[in-house]
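Student: Going by numbering that gives the first Met the number 0, the residue at position 109 of the sequence shown is 108; the numbering climbs one at a time, nothing skipped.
By construction, these hints were calculated from the structure, which means they are not laboratory data.
Just so you know, not all the hints are guaranteed correct.
What the hints assert, rightly or not - Here are the simulated DSSO-like pairs of lysine-lysine, each with C-alpha atoms no more than 27 Å apart in a straight line:
| id | residue 1 | residue 2 |
| --- | --- | --- |
| 1 | Lys80 | Lys45 |
| 2 | Lys1 | Lys45 |
| 3 | Lys80 | Lys1 |
Note that the structure is a prediction, hence the values are computed from the model and not measured.
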Amino acid sequence: MKLLLSGNSTSPLVLFDLQAGFLSMAGVSTMPDASLFYEQLAHWLKDHSALINSQTELVMTLRFINSASMRALYQFLREIKEARLPLRIVITHLESSDNSDVVEFFQEVCRILDLPCEIRRASSEEETPFSS
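Generate the whole structure from the sequences, applying the supplied hints.
Tutor: Okay, here's the thing in structure tokens:
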């Protein structure tokens with residue numbers, strides 16, 4: 000089962016491929032309807048939870064998020080926790096655009112929600128596919 004949402008200047012590219020065990024969000028998140036956007040993603044994951052295994056990673060490579068997206072992403076991760084989805088949260092630290100504020104936000108949310116969280120560094124070459 001796959002879900003693909005093309006990103007734009009305010010919303011992230013979303014590629015969820017459960018057969019491959021790959022969930023990815025990349026880009027920026029500054030859309031005015033962030034709550035609705037992430038609520039729909041959480042519902043999709045819950046609807047397809049039988050296909051999620053313990054090796055499935057949710058890789059978030061976000062360069063920038065605004066306060067509305069912070070609230071929505073917190074709720075999104077809270078729903079993942081409450082649904083007991085066995086996802087491994089991976090946050091990508093981007094060297095060229097320094098998204099350290101985004102990384103710190105996700106680290107704190109994962110700590111509060113007691114979700115497994117890993118930080119990975121991406122070089123400039125690895126960032127290219129996610130550039131808008």
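Student: Are the hints correct? Go through all of them and say.
Tutor: Quick rundown of the hints versus the structure:
1. With a C-alpha separation of about 11 Å, the suggested pairing of Lys80 with Lys45 holds against the 27 Å cut-off.
2. Pair hint Lys1 plus Lys45 holds up; C-alpha atoms about 14 Å apart against a cutoff of 27 Å.
3. Restraint check for Lys80 and Lys1: the C-alpha separation of about 21 Å stays at or below 27 Å, so the hint holds.
In the structure shown, no violation is registered for any of the earlier numbered hints.
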